[in-house]
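The listed protein sequences correspond, in order, to chains A and B. Oh and the first sequence: position 327 is 331 in this note's numbering, straight run, nothing missing. Oh and the second sequence: position 46 is 51 in this note's numbering, straight run, nothing missing.
Don't read these hints as lab results, they were simulated from the structure. Here a beta-carbon is modelled for each residue, glycine too, at the ideal position from N, C-alpha and C. Please note: incorrect hints may appear among the correct ones.
[What the hints assert, rightly or not] Only part of the chain B face toward chain A is listed, based on derived beta-carbon distances under 10 Å:
{"hint": "1", "residue": "Arg8"}
{"hint": "2", "residue": "Leu9"}
{"hint": "3", "residue": "Gly12"}
{"hint": "4", "residue": "Ile25"}
{"hint": "5", "residue": "Arg33"}
{"hint": "6", "residue": "Val41"}
{"hint": "7", "residue": "Ile53"}
{"hint": "8", "residue": "Pro56"}
{"hint": "9", "residue": "Ile58"}
{"hint": "10", "residue": "Ser60"}
{"hint": "11", "residue": "Arg65"}
{"hint": "12", "residue": "Leu66"}
{"hint": "13", "residue": "Leu68"}
{"hint": "14", "residue": "Gly69"}
{"hint": "15", "residue": "Gln75"}
{"hint": "16", "residue": "Met77"}
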Amino acid sequence: MSGTGSMVIALAGNPNCGKTTVFNNLTGARQHVGNWPGKTVEKKEGRFSFAGREIQVVDLPGAYSLGAYSEDEIIARDYILHQKPDTVVNVLDATNLDRNLYLTIQMLEMGAGVVLALNMYDEVKAKQIKIDIHELARRLGIAVIPTTACHNEGMKDLINAVISQPGNDRRKPLEIDYGREVEAELNTISQFIKTIPDLADKFSPRWLAIKILEGDENIWKVIGKHGNSGQLVTLRDAAIKRLEDKLGEDVASLIAGHRYEFISQVLKGIVVKPAGITPGQSFSDKLDRVLTHRFLGIPLFLLAMFAVFNLTFALGSPLADWVDRFFAWLGGVTGMGLAAISAPAFITSLVVDGIIGGVGSVIVFLPNILLLFLSISILEDSGYMARAAYIMDRFMHKLGLHGKSFIPLILGFGCNVPAIMATRTLGNRNDRLITILINPLMSCTARLPVYVLFAGAFFTANQGVIIFSLYLLGIVLAILMGMLFKKFVFKGGASHFIMELPPYRLPTLRSTLTNMWDRGSLFLRKMATIILAVVILVWILSNLPFGVEYASQESILGRIGSFIAPVFTLAGFGFWEAGIALLFGILAKEVVVGTLGVVYGIEEAGLSMAIAGSWTALSAYSFMTMTLIYIPCIASIAAIKRETNSWKWTFFAIGYSLLLGWTLAVLIFQAGRLLGLG
Amino acid sequence: MERLTLGLIKSGTTAIVKDIRGNENLRRALVEQGLVAGCRLNVVKNDIGGPLIISVNDTRLALGRGAALQVMVEEVDSLKKFTPELGNTNLSAGVLCGEVKK
Numbered sequence: 005m006s007g008t009g010s011m012v013i014a015l016a017g018n019p020n021c022g023k024t025t026v027f028n029n030l031t032g033a034r035q036h037v038g039n040w041p042g043k044t045v046e047k048k049e050g051r052f053s054f055a056g057r058e059i060q061v062v063d064l065p066g067a068y069s070l071g072a073y074s075e076d077e078i079i080a081r082d083y084i085l086h087q088k089p090d091t092v093v094n095v096l097d098a099t100n101l102d103r104n105l106y107l108t109i110q111m112l113e114m115g116a117g118v119v120l121a122l123n124m125y126d127e128v129k130a131k132q133i134k135i136d137i138h139e140l141a142r143r144l145g146i147a148v149i150p151t152t153a154c155h156n157e158g159m160k161d162l163i164n165a166v167i168s169q170p171g172n173d174r175r176k177p178l179e180i181d182y183g184r185e186v187e188a189e190l191n192t193i194s195q196f197i198k199t200i201p202d203l204a205d206k207f208s209p210r211w212l213a214i215k216i217l218e219g220d221e222n223i224w225k226v227i228g229k230h231g232n233s234g235q236l237v238t239l240r241d242a243a244i245k246r247l248e249d250k251l252g253e254d255v256a257s258l259i260a261g262h263r264y265e266f267i268s269q270v271l272k273g274i275v276v277k278p279a280g281i282t283p284g285q286s287f288s289d290k291l292d293r294v295l296t297h298r299f300l301g302i303p304l305f306l307l308a309m310f311a312v313f314n315l316t317f318a319l320g321s322p323l324a325d326w327v328d329r330f331f332a333w334l335g336g337v338t339g340m341g342l343a344a345i346s347a348p349a350f351i352t353s354l355v356v357d358g359i360i361g362g363v364g365s366v367i368v369f370l371p372n373i374l375l376l377f378l379s380i381s382i383l384e385d386s387g388y389m390a391r392a393a394y395i396m397d398r399f400m401h402k403l404g405l406h407g408k409s410f411i412p413l414i415l416g417f418g419c420n421v422p423a424i425m426a427t428r429t430l431g432n433r434n435d436r437l438i439t440i441l442i443n444p445l446m447s448c449t450a451r452l453p454v455y456v457l458f459a460g461a462f463f464t465a466n467q468g469v470i471i472f473s474l475y476l477l478g479i480v481l482a483i484l485m486g487m488l489f490k491k492f493v494f495k496g497g498a499s500h501f502i503m504e505l506p507p508y509r510l511p512t513l514r515s516t517l518t519n520m521w522d523r524g525s526l527f528l529r530k531m532a533t534i535i536l537a538v539v540i541l542v543w544i545l546s547n548l549p550f551g552v553e554y555a556s557q558e559s560i561l562g563r564i565g566s567f568i569a570p571v572f573t574l575a576g577f578g579f580w581e582a583g584i585a586l587l588f589g590i591l592a593k594e595v596v597v598g599t600l601g602v603v604y605g606i607e608e609a610g611l612s613m614a615i616a617g618s619w620t621a622l623s624a625y626s627f628m629t630m631t632l633i634y635i636p637c638i639a640s641i642a643a644i645k646r647e648t649n650s651w652k653w654t655f656f657a658i659g660y661s662l663l664l665g666w667t668l669a670v671l672i673f674q675a676g677r678l679l680g681l682g
Numbered sequence: 006m007e008r009l010t011l012g013l014i015k016s017g018t019t020a021i022v023k024d025i026r027g028n029e030n031l032r033r034a035l036v037e038q039g040l041v042a043g044c045r046l047n048v049v050k051n052d053i054g055g056p057l058i059i060s061v062n063d064t065r066l067a068l069g070r071g072a073a074l075q076v077m078v079e080e081v082d083s084l085k086k087f088t089p090e091l092g093n094t095n096l097s098a099g100v101l102c103g104e105v106k107k
């Protein structure tokens with residue numbers, strides 16, 4: 005790729021290799037989120053300039069292989085195959101080349117232009133591993149650069165290697181010797197492919213032949229567009245039968261075995277590891293013996309969760325008070341300021357009641373939300389999240405799922421949208437659907453403002469217990485619904501649990517904060533867009549028709565609320581304020597509080613007094629239950645639609661949660677009344 | 006040597022994978038993690054019930070019991086655990102899969 009102008013590079017690598025850190029180092033703040041071609045799955049892109057060139061970076065999903073085992077692998081492969089980036093920067097965990105190169109050589113077989121970043125090179129040195137980088141580059145025929153992304157080292161060398169890469173068209177795909185028998189069959193199939201000019205021009209015939217022999221079902225989507233697949237299937241079936249008869253082994257495993265053998269030949273004499281530590285004796289293994297202990301594992305996990313929630317509330321609440329005071333002050337000052345310049349009353353009302361009252365009542369929770377995301381980042385970056393999945397595997401089996409499904413559920417405490425996307429690592433479609441459908445029951449940070457407001461107003465003494473009980477209720481319901489779905493909707497055996505346990509690492513401050521900010525800033529963006537818009541809408545509706553008393557039952561807002569309200573009479577909150585808050589809450593759950601803020605025309609501090617006039621402790625609890633369960637927010641609904649790719653399951657998710665939420669709210673209120681709690 | 010399922014191998018034992026049973030999805034997922042016939046692994050943790058932790062190519066893998074039962078292995082004689090002829094890439098966790106195979 006000599007010359008000037010813009011170029012596109014893609015970042016590829018196994019999970020846990022530090023790829024995201026490389027991405028952040030290269031692009032800094034110049035990132036945005038887009039969609040993959042043909043799919044509506046989130047895609048991270050960024051840009052940077054180097055030596056006068058504009059370079060676009062695409063962050064491919066982490067994958068171990070380019071087969072079609074999971075959605076992530078398909079996305080990564082399709083991007084390299086169809087979008088043909090100028091260079092693929094393959095980030096590797098340099099302490100574990102044998103395994104990381106499995107992905108590399110598959111990209112080389114496709115004919116992609118690859119530059120290797122041997123990442124975590126500081127650990128290579130610390131572990132006294134010797135790697136002959138020049139020889140590795142010579143044997144693979146590609147540039148190899150040592151990097152330590154977490155200390156921002158080697159990035160310049162990496163970019164220099166990338167821009168001095170030869171052009172795409174001059175690269176020859178890597179050819180691995182798969183043994184005489186397999187080679188003969190590969191030859192037959194690729195000869196046939198060469199007779200289809202459409203295919204042979206676009207893709208390496210040999211690579212297609214390998215994929216066909218491997219039994220990769222997804223490859224037919226590539227081939228299918230060009231016809232003749234019927235004959236190819238016949239060819240494949242005959243070839244596979246011949247090979248399995250002759251060699252007595254399944255062809256896909258045979259091919260994989262040869263790839264690993266090739267890697268070991270490449271690395272022979274290049275990598276020297278000290279005899280050092282026997283498996284089971286490393287620091288990680290010793291820590292694992294305690295943290296994943298049969299009996300201690302779960303109590304320790306619960307303790308960690310307790311610590312997370314304590315951090316979120318104990319540290320977050322005083323900070324939230326400051327923000328709250330700030331908005332009370334801002335509201336006062338702005339009101340006075342607007343009066344001083346004798347602004348029209350409706351402007352004052354819009355700014356003070358609408359924007360400051362509505363947005364302010366929600367933004368108060370930013371400290372809590374950031375702290376929760378911080379905790380989740382630490383759990384992920386330290387390697388503990390994978391252990392949590394391991395510990396819970398036994399339990400998850402009882403739901404017909406396995407440990408890997410547990411990670412999206414934990415992420416759901418932060419925000420259900422990335423959590424639903426995280427189900428992409430699950431290979432089995434049924435597992436994925438169940439995990440997606442129960443995910444909204446994990447109480448996300450957006451619902452927290454509602455709990456804090458109501459628990460603060462009605463359960464001052466045991467606020468913490470009440471909030472915790474809602475989280476617990478969500479978990480219990482997720483379990484029960486998971487079991488029901490497995491039993492009646494998604495029948496079939498459990499799939500297998502296979503997951504890498506990355507070594508424990510001390511999370512670096514920078515990566516943890518970046519991670520936290522990535523997620524927390526979404527909350528802020530939501531504030532500035534959807535929540536602000538809804539709050540203004542609510543304010544407008546409370547002032548229409550003209551001349552109506554602000555936010556009264558006669559306003560349009562009050563009329564809509566009154567129309568919905570009777571549905572909730574049995575649940576104890578059959579008044580219009582609750583109805584309208586729940587309706588707008590579908591747009592974003594924080595809006596429940598924001599709407600009440602506008603309706604009562606005050607921000608958070610005064611709001612708890614205002615709601616005490618309408619709710620009782622019992623109806624407050626049934627209302628919180630409803631908020632927890634009923635209808636996922638718009639963003640989650642969109643994520644469910646994208647990831648399930650089905651309207652049926654999207655409507656199912658909406659329908660069941662509404663029904664479940666309403667039923668429980670009614671049950672709680674009615675049972676409470678019978679017990680004399682009302 | 007006797008072939009056993011990986012599910013029965015005790016913690017601290019080194020073994021060589023002989024055969025992977027089960028469906029295509031399971032085999033594909035195991036291959037991605039470097040588990041192929043001929044590959045050497047070490048059982049780091051195997052409790053009764055629940056998933057195992059194994060070490061393959063110096064990586065720790067959590068492996069559900071169901072999956073482990075489909076992997077047939079031969080135990081390596083403990084005395085021959087780390088023979089030098091097995092190559093020099095990684096003496097601690099066994100060598101690369103392909104090399105053992107030959």
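Non-conforming hints, listed in increasing numerical order: Those not satisfied are hints 1, 2, 3, 16.
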